[in-house]
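K.L.:
All chains, please: the whole structure from these sequences, using the hints.
Those sequence lines, one after another, are chains G and A.
This note's numbering puts the first residue of the first sequence at 1, with every later residue one more than the last.
This note's numbering puts the first residue of the second sequence at 1001, with every later residue one more than the last.
Derived from the structure by calculation, the hints contain no laboratory data.
Where is the CB? At the ideal position from N, CA and C, for every residue including glycine.
Be a bit skeptical, because a hint or two may be false.
Which residues of chain A face chain G? A few of them, derived with a C-beta cut under 7 Å, are [claimed, not checked]:
(1) ARG1203
(2) LEU1384
(3) ILE1406
(4) TYR1408
(5) ALA1420
Using C-beta positions, here's what the derived DEER-type ranges look like [as the list claims (entries may be wrong)]:
(6) TYR56/G x ASN1293/A: 53 to 63 Å
(7) GLU10/G x ARG1307/A: 56 to 66 Å
(8) ARG1276/A x MET62/G: 29 to 39 Å
(9) GLN1090/A x ASP17/G: 45 to 55 Å
(10) SER40/G x VAL1423/A: 19 to 29 Å
(11) VAL1396/A x GLU35/G: 32 to 42 Å
(12) ASP1324/A x GLU51/G: 53 to 63 Å
(13) GLY1349/A x LYS13/G: 17 to 27 Å
(14) ILE7/G x ARG1307/A: 57 to 67 Å
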Amino acid sequence: MHNLREIIIEAIKETADMRGTEVTEKLSDDTVLLESGLDSLGFAILVAKLEEEIGYDPFVLMNEPFYPRTLAEFIGIYQKFAPK
Amino acid sequence: MKFLAKALTTGKKTDIVWISQSSGIINRGALSKALSKRPIGEWIGKRIALGALPTFEFVSTLVLLDGVAEAILLLPNEDDAQTRVQRLTQAKIDFVIEGNGLGLSQLLNDSDLGNLSERPQPIQTTWLLPTSGTTGTPKLIAHTLESLTRGMLSRPLSETYIWSSVYSLRRFAGLQVFLQAWISNTTLVLHEESEDLSVVLGRLIETGCNSLSATPSMWRKLNMHPLFEKLTLKQITLGGEIVDQGILDVLAKRFPTARITHIYASTEAGVGFVVRDGKAGFPTEYLTKPHANVALRVDDLGHLWLRSLTNSNSGASGERPWVDSGDVIRVEGERGFFVGRANGSINIGGNKVMPEEVEAVIKELPEIAFVQVRARKSAILGNLIEAAITPKDDVVFDSSLKKKIIEYCRSRLDDFKVPAFVVTTSEIPLTPSGKLSRTSIE
Chain G
1 MHNLREIIIE
11 AIKETADMRG
21 TEVTEKLSDD
31 TVLLESGLDS
41 LGFAILVAKL
51 EEEIGYDPFV
61 LMNEPFYPRT
71 LAEFIGIYQK
81 FAPK
Chain A
1001 MKFLAKALTT
1011 GKKTDIVWIS
1021 QSSGIINRGA
1031 LSKALSKRPI
1041 GEWIGKRIAL
1051 GALPTFEFVS
1061 TLVLLDGVAE
1071 AILLLPNEDD
1081 AQTRVQRLTQ
1091 AKIDFVIEGN
1101 GLGLSQLLND
1111 SDLGNLSERP
1121 QPIQTTWLLP
1131 TSGTTGTPKL
1141 IAHTLESLTR
1151 GMLSRPLSET
1161 YIWSSVYSLR
1171 RFAGLQVFLQ
1181 AWISNTTLVL
1191 HEESEDLSVV
1201 LGRLIETGCN
1211 SLSATPSMWR
1221 KLNMHPLFEK
1231 LTLKQITLGG
1241 EIVDQGILDV
1251 LAKRFPTARI
1261 THIYASTEAG
1271 VGFVVRDGKA
1281 GFPTEYLTKP
1291 HANVALRVDD
1301 LGHLWLRSLT
1311 NSNSGASGER
1321 PWVDSGDVIR
1331 VEGERGFFVG
1341 RANGSINIGG
1351 NKVMPEEVEA
1361 VIKELPEIAF
1371 VQVRARKSAI
1381 LGNLIEAAIT
1391 PKDDVVFDSS
1401 LKKKIIEYCR
1411 SRLDDFKVPA
1421 FVVTTSEIPL
1431 TPSGKLSRTS
1441 IE
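P.N.:
Take a look at the structure:
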């Protein structure tokens, strides 16, 4: 799932760029999403952007709402809900 | 009592000319003869709905039934089966006229003379108009011929005018153009509903139409058509949507000698006011000094309220009530500007955005021919803003244009109003009344 991680990091950068904010120097698994340069609007845009790119929105698919805190959790959700 | 057919017996019989696809050139005398041959006994005092009809049948049926029927309901062609049933039930309709209608166009060629004076004593017909349906649940608004023609010029206008509109005749704006032409004996060019734009423009050029009404969205669409160059207009009227400076400038440049008028009106409140100074918005003095017999005020939420100052025909004393237009106004210095529809806003995680406000900013960019701002569902915030644009002919839609649009919006708008997505569309979705479709994508 290396590819998915790259896609997500690229989308975070694009979203921040579009929103006129800077992304934290280096994104790691422990990076807290809302401290990475994205606010809640940026986060919503990121999710919509990813849906366009990879074809699904895990936040629509999940039965119980779960909001990831770190980058690792965020990527984990996309892995969990990836179409089999 | 006013009723439409009255003009057939009292007006000059040759004055009005309709030019329509199916029926060619029709003058008032010919119409008068045709209508007089149609027995009307079965329609007296009935509640009648007009469904999909050829345009000539539609208007001549209106003339025939006004003053005869108790109520006339104008059914929108785009209603689905369920809405249609709802409307028919709500309006207690006895008959629906549709298909080929009453066959009035065939009577035009009949040489026998009928007698129009055989009509019964006219009654006050209620006209039931559906609201434009840009947003929300469909409603019916009751009018009379009196209320529909309030404030209109009744004197004959210069014979050099040939009018037309690209509005649906079933909607307030289109009906207004027809009624104004009817009571002022002006030549009117009619089109069939949902005709191709090339056909409509071809007819306007061929007939020498010089006075045209349309929504700003329609004008933008017309402006993108190759045949637009061939129109020769001396009167341009815009209405039905917010008029922005961009489209006024484009029209003024293309038709430097034309008079450009924008009209603010709503089905709910009847006619509002007109602006002729070539600028978007309206002078704030309209808010303090009644203009065209309409008083205006703005409430704390920015809603524009209207009150008609003309006396009602029924002789009822007292003032007419204030009506909330549902349109939101922003006052800047000496000018009031329309921001958008109060109930048409998009909710972005609790922040409300009026699509019209974002559209107005994007339209300022020279690369943009057309823009529609709409909601895109988001599991996180409910909705996000998406701008669908059509670039001008010589402009390429690429990532740098997207970026430019977003950056420009960011410099002008609150953060949450900036489109999250910019997409391109060649299909410009307009409603049957010529307005930008406000149906959000799922």
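K.L.:
If a hint holds in the structure, say so; if it does not, say that too.
P.N.:
Status of each hint after checking the structure:
| no. | hint | verdict |
| --- | --- | --- |
| 1 | ARG1203 | violated, 43 Å |
| 2 | LEU1384 | holds, 6 Å |
| 3 | ILE1406 | holds, 6 Å |
| 4 | TYR1408 | violated, 12 Å |
| 5 | ALA1420 | holds, 4 Å |
| 6 | TYR56/G x ASN1293/A: 53 to 63 Å | holds, 58 Å |
| 7 | GLU10/G x ARG1307/A: 56 to 66 Å | holds, 57 Å |
| 8 | ARG1276/A x MET62/G: 29 to 39 Å | violated, 57 Å |
| 9 | GLN1090/A x ASP17/G: 45 to 55 Å | holds, 52 Å |
| 10 | SER40/G x VAL1423/A: 19 to 29 Å | holds, 23 Å |
| 11 | VAL1396/A x GLU35/G: 32 to 42 Å | holds, 38 Å |
| 12 | ASP1324/A x GLU51/G: 53 to 63 Å | violated, 39 Å |
| 13 | GLY1349/A x LYS13/G: 17 to 27 Å | holds, 23 Å |
| 14 | ILE7/G x ARG1307/A: 57 to 67 Å | holds, 58 Å |
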